[in-house]
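Residues -26 to -1, 1 to 418 in mature numbering (1 follows the signal peptide of the UniProt record, and there is no 0) are what the sequence shown lists, from first letter to last.
In short, the hints are calculated from the structure, not lab data.
Note that the Cβ used here is the ideal one computed from N, Cα and C, for glycine as well.
Any given hint could be a false lead.
To be verified - Pairs of lysine to any residue, SDA-like flavour, derived with a Cα cap of 20 Å:
hint	residue 1	residue 2
1	K316	A29
2	K316	T125
3	K194	R248
4	K194	G313
5	K316	D287
6	K194	V209
7	K316	A251
8	K316	A326
9	K316	T31
10	K194	S50
11	K23	D300
12	K194	D213
13	K23	D287
14	K316	D300
15	K316	R248
16	K194	A302
17	K194	R314
18	K194	L40
19	K23	A326
20	K194	G270
21	K316	G245
22	K194	R269
23	K23	R335
24	K23	G245
25	K23	R314
26	K316	A365
27	K316	G270
28	K23	L40
29	K194	A296
30	K23	R303
31	K194	T125
32	K194	V41
Stated by the list, open to error - Cβ pair distances, simulated, as ranges:
hint	residue 1	residue 2	range
33	V228	A105	32 to 38 Å
34	D375	D75	30 to 36 Å
35	A52	S364	17 to 23 Å
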Amino acid sequence: MKHRGRHRRRRRGAALRAVLTGTALALTGAATLISVSQADVTDSPGTLKPLSSPAQTGPLRLQERLVPARTLNRLSAAMGRPVGADTVLASADHGMRESADCSSADRASLPVAPAATRAYCWDPADAAGTAWRPASVTTPGDTDDDGVRGTHRALLAGWTHSTATGRADERGLARVAFVNADDPARLAYRWVLLVVPVDGGRDYRGLASGISGMAWYRDKLLVTARSGGADALYVYDLDRIQRTSVDGPAIGRVPGGWSADGYRYVMPAVGSYRFAAGRCSPLGPPCPGALALDRGTAPDSLVAAEWTAPDGDRNARLWRYAFSTDPARGGLLATDSAGRVKAVEAYRTGAAGIRGVLSYRRPGAAQPSWYVGHLPGSRDGHGGLWRQDSAGAKAPHCGADASHRCWAQSAGSLSYGQETGEVWSLSDRMLFAVPLAELDRSLG
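Using the sequences plus the hints, can you model the full thing?
Quick look at the structure:
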């Protein structure tokens, strides 16, 4: 299918360099790593404060709303048989470059400490503009122990269009880069536009939502909904991806077939979760900002962090929901008979401006540690990454002034790859990985 300029297949440049080894990437300066406790840094997020009373946990309750099967079937009957993620990965048409082939500005956005051991920049056609920005990632470890989806290794990265710049009809839309990671030296990706069925499956609209968090579990992809509304999460089925048939700027049914702003594939939502208490607010339900999968709990769980301003005075909440163990509900959250989802654990952290969250039980630890990546109060430059638990918080030091602003610039979500032991994240320019063991070593 022919695409407009931004989406056309582009020839890859010269052959990418050999696959990176475990040696850290060269950065602008050597970092001195010193373990730091909350007493060493005045703006430490401190200890996690449990939230356990009904008044504290009640606002976290969700209500599940699944799209009727007849709606999804009507849409697929009109558009053609759905394809799976494997088909999209096999058709990846945008190449990525390894760090050594990226610009100095790209590399400057990477973490200072600990250094990334793998890093990639996007196709220049996608990275050149400022309207579309990457914000979330989910890794092969979020799918299965072998990191393979079908016949391909995969990463998914969520991008959101600005609501203030670019074409008016694209503002606020969300798309996902399906990254084919079969060859670590030659990553490539294909765009899929996220949509929502309307009119009983006779049409669809673009998802107008900032996907600052995403998690891939079994055959489902859960993404955050736009801040400020009652919707908390949207759910997508990776086996229900539809091909479009018309190459045009419209989104939905058009004369002659189906269009999606020039994208070859769309993924229609199969459900959503809304806050039972209404719209998110400082005193009510939290606006979800970051998501991650924790496979170290029983059952597996989804962890989330509240979206707050990095330069504000409102500290964020962290919480988790259990996934369903019902084989017929693979990838969906555990609900009661009325479709309600309760938080099984919740905390208040001293951090604000959180854009990435992980929960991981380290060997020998009695409880999981929570890793939170957040923006600096000025929203400018490198952010910080802290490990928190009930005993306190730690972060790496870097630079001559022993600053803890050692994480990436404008960093997005975090995702732990169980297969490789790596933590994947994004700066505003690059996709990168840091071994979790190296991150913990930098904390002492």
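Hints and how they fare:
The suggested pairing of K316 with A29 holds, with an alpha-carbon distance near 13 Å, which does not exceed 20 Å. Of the pairs offered as hints, the one joining K316 and T125 is violated, with about 36 Å between alpha carbons and a cut-off of 20 Å exceeded. With a C-alpha separation of about 17 Å, the suggested pair K194 and R248 falls inside the 20 Å cut-off, and the hint holds. Taking the CA atoms of K194 and G313, the gap is about 18 Å. The hint holds against a cut of 20 Å.
Restraint check for K316 and D287: not satisfied, since their Cα atoms lie roughly 27 Å apart, outside the 20 Å limit. Between K194 and V209 the CA atoms are separated by roughly 7 Å; this keeps the pair inside 20 Å, and the hint holds. With a C-alpha separation of about 12 Å, the suggested pair K316 and A251 falls inside the 20 Å cut-off, and the hint holds. Proximity of K316 to A326 is assessed by CA-CA distance (about 24 Å); at most 20 Å being required, the pair is judged violated.
Between K316 and T31 the alpha-carbon distance is near 8 Å, which keeps this suggested pair within the 20 Å criterion. About 18 Å separates the Cα atoms of K194 and S50, which keeps this hinted pair within 20 Å; it holds. A distance of roughly 32 Å separates the Cα atoms of K23 and D300; the hinted pair therefore is violated under the 20 Å criterion. Of the supplied pair hints, the one linking K194 and D213 holds, its CA atoms being roughly 8 Å apart against a limit of 20 Å.
Taken as a hint, the K23 and D287 pair is honoured in the structure, with Cα atoms around 17 Å apart against an allowance of 20 Å. Annotation: proposed proximity of K316 to D300 holds, straight-line Cα distance about 17 Å (limit 20 Å). For the suggested pair K316 and R248, the alpha carbons sit about 12 Å apart, so the restraint of at most 20 Å is met. A threshold of 20 Å between alpha carbons decides the hint, and for K194 with A302 the separation of about 13 Å falls inside it, so the pair holds.
Among the hinted pairs, K194 with R314 is consistent with the structure: their alpha-carbon atoms are about 19 Å apart, no more than 20 Å. Pair hint K194 plus L40 holds up; C-alpha atoms about 13 Å apart against a cutoff of 20 Å. Of the supplied pair hints, the one linking K23 and A326 holds, its CA atoms being roughly 14 Å apart against a limit of 20 Å. With a C-alpha separation of about 19 Å, the suggested pair K194 and G270 falls inside the 20 Å cut-off, and the hint holds.
Taken as a hint, the K316 and G245 pair is honoured in the structure, with Cα atoms around 17 Å apart against an allowance of 20 Å. With a C-alpha separation of about 15 Å, the suggested pairing of K194 with R269 holds against the 20 Å cut-off. Distance hint between K23 and R335 is fulfilled; the C-alpha atoms sit about 18 Å from each other, no more than 20 Å. Among the hinted pairs, K23 with G245 is inconsistent with the structure: their alpha-carbon atoms are about 32 Å apart, more than 20 Å.
The straight-line distance between the Cα atoms of K23 and R314 is roughly 25 Å, outside the 20 Å bound, and the hint therefore fails. Only pairs whose Cα atoms come within 20 Å are accepted, and K316 paired with A365 is rejected, the gap being roughly 26 Å. Between the alpha carbons of K316 and G270 the distance comes to roughly 19 Å, so the proposed pair stays at or under 20 Å and holds. Distance restraint check for K23 and L40: the Cα-Cα separation of roughly 34 Å exceeds the 20 Å cut-off, and the hinted pair is therefore not satisfied.
At most 20 Å may separate the alpha-carbon atoms for a hinted pair to count; K194 and A296 meet this at roughly 15 Å. For the suggested pair K23 and R303, the alpha carbons sit about 32 Å apart, so the restraint of at most 20 Å is broken. About 17 Å separates the Cα atoms of K194 and T125, which keeps this hinted pair within 20 Å; it holds. Among the hinted pairs, K194 with V41 is consistent with the structure: their alpha-carbon atoms are about 14 Å apart, no more than 20 Å.
At roughly 23 Å, the beta carbons of V228 and A105 sit outside the given window of 32 to 38 Å. In this structure the hint that D375 and D75 lie 30 to 36 Å apart at CB holds, the actual value being about 31 Å. A C-beta distance of roughly 53 Å is found between A52 and S364, which places it outside the suggested range of 17 to 23 Å.
Checked against the numbered hints above, the structure violates hints 2, 5, 8, 11, 24, 25, 26, 28, 30, 33, 35; every other hint is satisfied.
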